[in-house]
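*Asks:* Protein chains in written order, with the numbering used here: chain Z, 153 to 418; chain H, 2 to 286.
Simulated from the structure, these hints should not be mistaken for lab results.
Every residue, glycine too, gets a C-beta built ideally from N, C-alpha and C.
Some chain H residues near chain Z, calculated using beta-carbon distances under 10 Å:
1. V31
2. V34
3. P153
4. E162
Derived, one-sided and incomplete: chain H residues facing chain Z with beta-carbon distance under 7 Å:
5. V159
6. A166
7. G168
8. Q210
9. R214
10. P216
Taking CB as the label site, the calculated pair distances span:
11. Z:R237 with H:L258: 15 to 23 Å
12. Z:R179 with H:R172: 34 to 42 Å
13. H:G259 with Z:R168: 54 to 62 Å
14. H:G37 with Z:G216: 36 to 44 Å
15. H:L61 with Z:R222: 44 to 52 Å
16. Z:A162 with H:L221: 48 to 56 Å
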Amino acid sequence: MSVVAVEDLALRFGTRTLFEGLSFELRAGELLAVLGPNGTGKTSLIRIMLGLLTPSAGRVAIEGCPPRERCHRIGYVPQQRVFDRDLPLRGRDLVRLGLDGHRWGFGRLGEGDGERVDAALEEVGATGYADAPVGLLSGGEQQRLRVAQAIVADPVLILADEPLLSLDLAHQRDVVDLLDGRRRAAGTPVVFVTHDINPVLRSVDRVLYLAPDGWAIGTPDEVLTSETLSDLYETEVDVLRVRGRVIVVGTPDDQHVHHVGDEHTQ
Amino acid sequence: MFTQLLAQHFVHTALWAGAVVAVVSGVIGVFVVTRGMSFAVHAISELGFTGAAGALVVGLDPVIGVLGGSLLVGLVLGLLSLRGRERDSAIGAVLAFGLGIGVLFLSLYQGYATEATNLLFGSIVGVSDAQLRTLAIVGAIVLAGVAVLYRPLLFSSVDPEIAAARGVPLRALSVGIFLLLALTTAEAIQVVGVLLVLTLVITPAAAAQHLTRRPGVALLLSVAIALVSTEGGILLSLVKPWPTSFFITTISFTAYLGARAYGIGLKPRLRPAGATGRGLRGAGA
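Required output: the full structure, derived from the provided sequences and hints.
*Replies:* Right, dumping it as structure tokens:
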């Protein structure tokens, strides 16, 4: 059964069309990577699925319910954003906000909520620094806590928007493995927005590629080919596979080439 | 002399008024500091002064003017819900213009200049029973407001993006916190004056941040520091006839310095050794 149904979705800002006719379904346990250059609506798609942005046309249903009605819990992992060093907040407190942060009042922990926080911390391997102030933790540690916060309420869907930005390669792998483990163990589908497919390539089931003038969805082997991308960009694009990595060369923005270059210098 | 003064009714009233204002300021200060709204506090209090000066000109109770001025600015800043530099410059522009109007009102006001001085630097010993009652009612409103908003306010202060994704109404909360802050400021003005509001709304909360890593404890410590500063300041001014506001600011600033010094020693201990664990240090890092 599909958890997410996206039907004929379109998004326009003024005269600019980011995407249109976008349709796909997500099954339980599926990991979908959303790829593409800047400004093609990757983050907007996430915001539509979160109920924060209204599409110009079409609809999204999460277990049959429009996102705006918030019938179901959705886990959200954004880009890493550094916390103030002085912030009086422990890792444990941050994770707990995932359970009751939206409730009015002082927030009471229900029965078993304390255990759920502990279990989420354990699942992401953050138990050792659960009582440290978040502002003193490294970027990788903070991002693990955000994953714990996203999964603590047992969401029906996890949306991750560039969660690997400004993490080093080892921590990128950790975050991907955590989300991968979650969807395998709990069957929670994951939508993973990224500008670089390589950190998620091993785990991903399907790829949604948003290009300036169209989109394509399918397995990495179907979408990440010279033919498909050349079609999408309406120019000659080469997709190379080098030592298990995907390198895209010749897109008009040349973003992927630069990115690969950056990685090698790190 | 000191014991004689302690038996005076006006001293009791002052101590109670100080306690109310300290509790409310200590509580709201925690959110003000976490959200980086210190400059907004300053703006709201200065425009509270403009409101008071306006009230004096037309013959109203200056307290009403203070409330009106702070609430108006609080509402505007809350609705704008700006961030970062844009917020700073917008506040600066509004603040300067508002003070300009305040200066005009003062020049139009024909009464005693002490009224204006009291507004600027506080006059805790002049609080009447009726004013104390108003302080208590407004204080109760602020505390009730914080109690209702506490959890989403904490969430949106820490992580606005995720809070929004979970359906927390950011703009409504922003208006809410600014209005509560405006009420708090209007209260604090009556104790320490327009120019020294920061000593109760910012300093205790900023000090508390350095003493603990737990949000609830930070709130309690902030209230405690505000209480000690206010009550201590009032009592000291009975011993030595210097301005109460001087003593209050001195105590709260001392607490702040002490907390910072303590925090420097605390940090390394809060950060557990090898917290990264599991050999996860990045290869390239």
